[in-house]
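> Could you build the full structure based on these sequences and the hints that come with them?
There are 2 protein chains.
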Amino acid sequence: MNQPAQKPVAIKHALSVTRDADFAAWYQEVISEADMAEESGVRGCMVIKPWGYGIWERIQQVMDARIKDAGVSNCYFPLFIPLSYFAKEAEHVEGFAKEMAVVTHHRLVGDGKGGLVPDPEAKLEEPLVVRPTSETVIGAAMSRWVQSWRDLPLLTNQWANVVRWEMRTRMFLRTSEFLWQEGHTAHADRADAMAETLRALEMYRSFAEDVLAMPVIAGEKPENERFPGAVATYSIEAMMQDGKALQAGTSHYLGTGFAEAAGIRYQDKEGAQQHCHTTSWGVSTRMIGGVIMTHGDDDGLRVPPAIAPHQIVILPMLRDDDGDEALLAYCEDLRRALAAQTALGERTRVLLDKRPGKATQKRWAWVKKGVPLILEIGGRDAAGGQVSVLRRDRLWREDGKVNFAGQARDEFLATASAELESIQSSLHAEATTKRDAQIERGVTTLEGLAEFFADAKRYPGWVELGWSRPTGAALEAVVQKLKALKLTIRNTPMNGPAPAGTCPFTGDAVVETIYVARAY
Amino acid sequence: MNQPAQKPVAIKHALSVTRDADFAAWYQEVISEADMAEESGVRGCMVIKPWGYGIWERIQQVMDARIKDAGVSNCYFPLFIPLSYFAKEAEHVEGFAKEMAVVTHHRLVGDGKGGLVPDPEAKLEEPLVVRPTSETVIGAAMSRWVQSWRDLPLLTNQWANVVRWEMRTRMFLRTSEFLWQEGHTAHADRADAMAETLRALEMYRSFAEDVLAMPVIAGEKPENERFPGAVATYSIEAMMQDGKALQAGTSHYLGTGFAEAAGIRYQDKEGAQQHCHTTSWGVSTRMIGGVIMTHGDDDGLRVPPAIAPHQIVILPMLRDDDGDEALLAYCEDLRRALAAQTALGERTRVLLDKRPGKATQKRWAWVKKGVPLILEIGGRDAAGGQVSVLRRDRLWREDGKVNFAGQARDEFLATASAELESIQSSLHAEATTKRDAQIERGVTTLEGLAEFFADAKRYPGWVELGWSRPTGAALEAVVQKLKALKLTIRNTPMNGPAPAGTCPFTGDAVVETIYVARAY
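Protein sequences appear in the order of chains H and Z.
This note's numbering puts the first residue of the first sequence at 2, with every later residue one more than the last.
This note's numbering puts the first residue of the second sequence at 2, with every later residue one more than the last.
Simulated from the structure, these hints should not be mistaken for lab results.
Computed from a prediction, not measured in an experiment: that's the story for all the values here.
Just so you know, not all the hints are guaranteed correct.
The list makes no distinction among identical chains, and a pair is therefore deemed to hold if it is satisfied within one copy or across any two copies.
DSBU-like mimics (lysine-lysine), calculated; alpha carbons at most 30 Å apart, straight line [what the hints assert, rightly or not]:
(1) Lys114 to Lys99
(2) Lys69 to Lys359
(3) Lys484 to Lys99
(4) Lys89 to Lys114
(5) Lys359 to Lys270
(6) Lys355 to Lys69
(7) Lys363 to Lys13
(8) Lys402 to Lys484
What follows is the structure, given as structure tokens:
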């Protein structure tokens, strides 16, 4: 029904900054205009507001069900970890990160000048660290829980807040405190632990693709990007619309190192004592940053229906007159009918927005929040059994007008679920097309790489290339060369192409594929 | 079908300590034998294990739905609160609690002897307090969010961990770190804020009664027990089986004090600036302690079906022979049929426990965990279309045998939902009867009170009496007299009897009813 545009029409977008003009400023504006989060006034910590937190709740619900389906049990472990636990880890872990919040006192006292200070009388004998991750404290628990091969595998997970002191923070992507889930498992042998590591990776991959509609590459991180102490680290990597990479989840095979440090041992079937092989895996509120930078457009956020707190918002065009009652009754009836439906395997989440305020203003607020379907209903629609439907992912007509489509109520009801499912898959398809168009496969030399990424202002995407998988000092030399170009190796895809040729870094024969990119 | 007992039969209970012998030791044994939680090795912090955490997840799910139904939005606020926020509060709040965990450094560094210490170079300019509750930091956010009367009421809630440094801890009841929800709301006037305070109180009361099957008295705390800075504090109080009281939830009307400290102001319809009236309300993992001490018996925990992670556990009596396959198929079919049913308004939660191990051992493990219904199925049951059913709340027959009842499979399926609902209401009725029998109404003097509570070894329950509601110094005198008897005033019931007579403390005319008790 779109009119063919006679000439390009200038669209007045809902945001003041476009992605093209300033991607970083655009990102902040989406968060602020969609009312997802804000700076808290506490260094490096954000306040997650209802719309942002509602998306996190959806992520939690869906992910938690998948974690439980895999036989993993949720637990809760202490926020505080005694300093000595880290000393143990620091001993055997090179590259041990030290930026952590340290609790040293357990009481405040007046300073005599109307203020408060930590009470010198209440200094802790042993400082406590606010958990940056929980391998050590969960390892200590596992050492109590595991005695025999019968206790294995031990599969635990917790949803928790963690703190890593960050110098430069960015909402959702890198904050001092963030929310996440961390799975921790113990196994009898390497094979079982590796299977769990890869199961978690695949769970993250399919979650990102199916639920977040965010295409990702699942693969193994290079040696230099491993979690300190891990034998192997795997990640899912997503491409943001600015061409940069976002690591959106990790899964680690930890070998027996952590089990040795924590004393996680079991008696095997022959009666011998063995160390467990452990794993850990996590995703965090960072995923929300990935959703914003994958699906957002110049009018704000677009939330995939699977994680939208409201999938459909009904906006009655109230006029403060006698007609409002019938209009509201019509809308409420529509709401009820939609809420009784199923989309994407769950009850449809629909909101009737009856708040006072101009309908147009409310419409744009929901557009910026990225609600998949917006229905505007006026008195005449109600009288005529009509609805006016806006798909957030097809916001504009070619003539520059907002793309509302009139539809009979019953026809809309019959197709609403399919429409939501279509939005989910359209967002995924659109993001996949964008990503694939920004993966360069023609680069085979270091010079070519430098040239490809030469434009300082724009990130052209990722380069997929073959390399010889150097280790140790040889790898470090590669890492330094890439660092000079502000580039990193993202990962080696799990079932990637088996390439041939010469490694652009070492001159040796190529053995596997990697992705090279700038990253968040 | 029970045989009449010829003589009293000695029952061999599953726990080593009875409630009568040592209630405190019994409490610890329930937690340990039901595998709910354990000491973590970190001072004052516990590890919540899958069965304990599963109960918390159920509490969260049901409570969260009720919170959302009331129009309250979940958010997430920072774990850390700058010290200066508390200085502001300490200024205007008498009785400000100072036992808190204080973060003073943001980095660890090697001490040159193989250990780690807080890096003196990384001392924070302003120490950060780990939130003991979030009025201050949420107040700061509200001061940004509220501008006009149109923004009110502002209804927020968060699920979070909080830390209060406790000297004597007891699992679930009093731990340094605990999990809770905290609702925080801002309103235009006193009436609206009081209505919200009482709505939250009623939500807690009905949740305790209907979901936890735990009878409670909802009422107002006396002035001396108010949350510091609150104008009025309300609580739900439950009676534990040892006769002591447990405060299981609180709701505070905070007046305008916190709004003045945080600058939460709005422009009213006439254009004038007004301070908001705020409220806060919370329940925590302490509720789980209440469930244990309300419903537990000498065989372990009994979980009300509404919060049981598994409501029904099916135990196949495997024999490691050819018959196992048919037995498992029969059990799986039964599981599927039960899982498709609804009980207490939700899908029935049923587990088929196929783990290896002796069926009797597994039975007792589930008895101690308190699963409402346990089904043991042997090969003959499977062949004959039978099940053997054990109701956890009716564990023993009069002859001292475990009270299994054989039933035709189809008959059981037809009644399983009703059976779960019956267990839920039986637990509630049993607890209510016990509580009511331990409320003494005949005491009218201080001496009578001292006499009633004279036995140091046993707490006989609560005393309900009338008093004159003294305030200030007169109240403090009462509090001290009660303290000498290790007693506290729990609350004034919301719709309590309007008593007459003379106040046993002041000699003035009685104006309202209170409950006096020893408390956790």
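> Among all the numbered hints in the text so far, which are the ones the structure does not match?
Result: hint 8 breaks, nothing else.
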